[in-house]
Every structure is written in structure tokens, then in C-alpha cells.
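Spelled out from the first residue to the last, the chains are:
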Amino acid sequence: MNQPFKNLAMRRYLYRFLASIAFYTVFLVAAVWAFPRYHPTGFLAYVLAILPALAIVAVIVVVGLYLTEEKDEFQRTVLIQTMLCGMGATMAVCTGWGFLELFIGIPALKLYLIFPMFWAFVGFFTPMMQSRYR
Amino acid sequence: MFCSIKSPTERRYVIRMWVSAGLCVLFSVVAALVFRFYHPHGVFSYLAAVLPALPIIGALVYTGVYLAEEKDEFQRNLLVQSLLGGTGGILAVTTTWSYLEDFAHAPHLDLVWVYPLFWLFAGISYGFVRARYR
Numbered sequence: 001m002n003q004p005f006k007n008l009a010m011r012r013y014l015y016r017f018l019a020s021i022a023f024y025t026v027f028l029v030a031a032v033w034a035f036p037r038y039h040p041t042g043f044l045a046y047v048l049a050i051l052p053a054l055a056i057v058a059v060i061v062v063v064g065l066y067l068t069e070e071k072d073e074f075q076r077t078v079l080i081q082t083m084l085c086g087m088g089a090t091m092a093v094c095t096g097w098g099f100l101e102l103f104i105g106i107p108a109l110k111l112y113l114i115f116p117m118f119w120a121f122v123g124f125f126t127p128m129m130q131s132r133y134r
Numbered sequence: 001m002f003c004s005i006k007s008p009t010e011r012r013y014v015i016r017m018w019v020s021a022g023l024c025v026l027f028s029v030v031a032a033l034v035f036r037f038y039h040p041h042g043v044f045s046y047l048a049a050v051l052p053a054l055p056i057i058g059a060l061v062y063t064g065v066y067l068a069e070e071k072d073e074f075q076r077n078l079l080v081q082s083l084l085g086g087t088g089g090i091l092a093v094t095t096t097w098s099y100l101e102d103f104a105h106a107p108h109l110d111l112v113w114v115y116p117l118f119w120l121f122a123g124i125s126y127g128f129v130r131a132r133y134r
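Here the protein sequences line up with chains A and B, keeping their order. Here our numbering is used: the first sequence runs in plain steps of one and ends on residue 134. Here our numbering is used: the second sequence runs in plain steps of one and ends on residue 134.
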């Protein structure tokens with residue numbers, strides 16, 4: 001449990017990640033609370049809607065920073081390979097679902113689910129990738 | 001056209017990607033015609049709808065095969081970093097757009113655009129990554 005905290009890059013990543021997720025939670029709750037009550041329009045509506053997404057963009061930047069700061073080449077390689085696999089699987093699901101939506105009219109997949117779907121695939125591929133190097 | 005590419009691995013990859021793109025266009029036309037003139041139901045409708053996604057899945061697999069086969073570490077790194085840039089870009093855009101759709105009633109972005117947008121971002125990243133190494 002303490003092992004990741006020995007690694008400086010990992011520690012920084014965790015702090016940054018947790019800060020981004022905290023901002024995400026605050027911004028999302030603010031948006032969900034404000035829209036039904038105050039019905040903001042125009043520029044304010046766009047700003048309120050974009051705020052939770054900015055926190056997610058920050059998470060993406062945090063992962064990028066981790067990849068540049070991580071000195072352990074094994075950790076970096078495993079993360080890069082799992083992210084590439086996760087990206088491939090996410091693109092495959094999105095494209096397949098997209099054509100089913102287009103031609104058959106199956107329920108639309110919310111675009112914000114793509115981000116967690118990508119990380120779910122990354123989590124799925126991580127043990128496989130790690131076992132390849134054992 | 002492909003003879004100018006000296007690396008056999010890269011040439012194979014480029015040819016496979018062009019074949020996939022061609023098949024995707026062909027299968028999209030076939031699926032559109034089938035749905036327009038035959039109004040398929042049940043399993044057949046799902047198969048016809050998913051047909052254009054198959055070459056795209058093939059292209060994703062070929063990209064993985066290319067990364068595994070490419071001997072030139074510089075070229076491989078260029079593509080890996082571009083793909084990661086593309087992944088970050090597409091995740092940022094889909095999440096932001098999704099919140100704009102939900103809260104600010106922005107027009108719906110079809111899932112079929114996710115894959116071409118991903119390659120657009122990967123292409124933009126490629127330019128930046130190449131410039132970094134000059």
C-alpha cells in the first residue's frame with residue numbers, strides 16, 4: 001500500500017488526480033444543482049456546463065504529466081501499452097455502437113461515458129500486460 | 001504510391017490502413033442500401049449495421065500489429081505519442097461536448113464521429129511530436 005507513495009512521480013500523480021476529481025465533484029454538483037433551479041442561458045450556461053469537463057481534461061493532463069515524470073520505464077511502458085489497448089477497445093465499442101445507433105436506432109450512448117469506459121478497459125488490460133512481463 | 005515508403009513494416013501498415021478505409025466506405029454504402037431497400041429486422045439488421053465497423057476494428061488491430069512489428073524505435077515512439085495525444089484529445093472533446101449537450105443543449109454529436117476525430121487529434125499530435133524532435 002505504501003509502495004506507490006515511495007515513487008515521487010506516482011505521489012504527485014495521486015495528489016493531482018485527487019485534486020482534479022475533487023474539482024470535478026464540486027463543479028458537477030454545482031451544475032446539477034444550478035441548472036434546474038436557475039435555468040441559466042447563453043454564456044453562463046456554457047461556462048457552467050464546461051466546468052465539470054475541465055476537471056476531466058485536467059485528469060487527462062495529469063496522466064500526461066505522470067508519463068513524462070515517471071522514471072521507472074517498466075511502469076511507464078505498462079501504462080502506455082494498456083492505454084493504447086484501452087483506446088483501441090474504446091474506439092471499437094464507440095464505432096460499433098455508433099453504427100447501431102445510426103442504422104437501427106438503439107439508445108444513444110452518452111458521450112461522457114467514453115471517458116470511464118476508456119479507463120475501465122485500461123483497468124481490464126493492466127493485469128494482462130503486467131503478466132506479459134513476468 | 002506505396003513504393004516511396006522504404007520500411008516494409010510501414011508500407012504494410014499504410015496498405016492495410018488504406019484497404020480498411022476502402023472497405024469501411026464500401027460496407028457503409030452496402031449497409032445504407034440494405035437499410036433503404038430491404039428494411040432488415042432482427043439479427044440480420046444488427047449484422048448489417050455493424051458491418052462498416054468491422055474494417056475500423058481491423059484498422060485498430062493493424063495499428064497494434066504495426067507497433068509490435070516496427071523495428072525503428074523513433075518511428076514507434078512518434079506513433080505512440082501521437083496516439084496518446086489523440087486519446088487525450090478525443091476524451092477531452094467527448095466529455096466537454098457531452099456536458100454541453102446535457103446542460104446547454106448543444107447539438108448531438110454522433111458516436112460514429114469519435115473514431116475520425118480521434119485520428120484527427122492523433123494527426124495534430126503527430127505534427128507537434130515531430131516538431132519537438134527536430
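Fair warning: there could be bad hints in the mix.
What the hints assert, rightly or not - Taking CB as the label site, the calculated pair distances span: (1) A:Pro127 / B:Pro116: 27 to 37 Å; (2) A:Arg132 / B:Tyr38: 44 to 54 Å; (3) B:His105 / A:Ala19: 23 to 33 Å; (4) B:Lys71 / A:Arg132: 35 to 45 Å; (5) B:Gly22 / A:Arg132: 32 to 42 Å; (6) A:Arg37 / B:Trp18: 33 to 43 Å; (7) B:Ser7 / A:Trp33: 33 to 43 Å; (8) B:Ile5 / A:Trp33: 15 to 25 Å; (9) A:Phe124 / B:Ile15: 42 to 52 Å.
These are calculated hints, taken from the structure and not from any lab test. Given the structure is predicted, the values throughout are model-derived calculations rather than measurements. Each residue gets a CB set at the ideal place from its N, CA and C atoms; glycine is no exception.
So, going through the hints one by one against the coordinates:
Distance hint check: the CB atoms of Pro127 (chain A) and Pro116 (chain B) are about 32 Å apart, consistent with the given range 27 to 37 Å. Checked against the hint of 44 to 54 Å, the C-beta distance between Arg132 (chain A) and Tyr38 (chain B) comes to roughly 45 Å, which is consistent with it. Taking 23 to 33 Å as the suggested C-beta distance range, the pair His105 (chain B) and Ala19 (chain A) conforms, at roughly 30 Å. The hint said 35 to 45 Å for the Cβ distance between Lys71 (chain B) and Arg132 (chain A), and at roughly 19 Å that hint is violated.
A C-beta distance of roughly 33 Å is found between Gly22 (chain B) and Arg132 (chain A), which places it inside the suggested range of 32 to 42 Å. At roughly 53 Å, the beta carbons of Arg37 (chain A) and Trp18 (chain B) sit outside the given window of 33 to 43 Å. Separated by about 56 Å at the C-beta atoms, Ser7 (chain B) and Trp33 (chain A) break the suggested range of 33 to 43 Å. With their beta carbons about 56 Å apart, Ile5 (chain B) and Trp33 (chain A) fall outside the hinted range of 15 to 25 Å.
With their beta carbons about 31 Å apart, Phe124 (chain A) and Ile15 (chain B) fall outside the hinted range of 42 to 52 Å.
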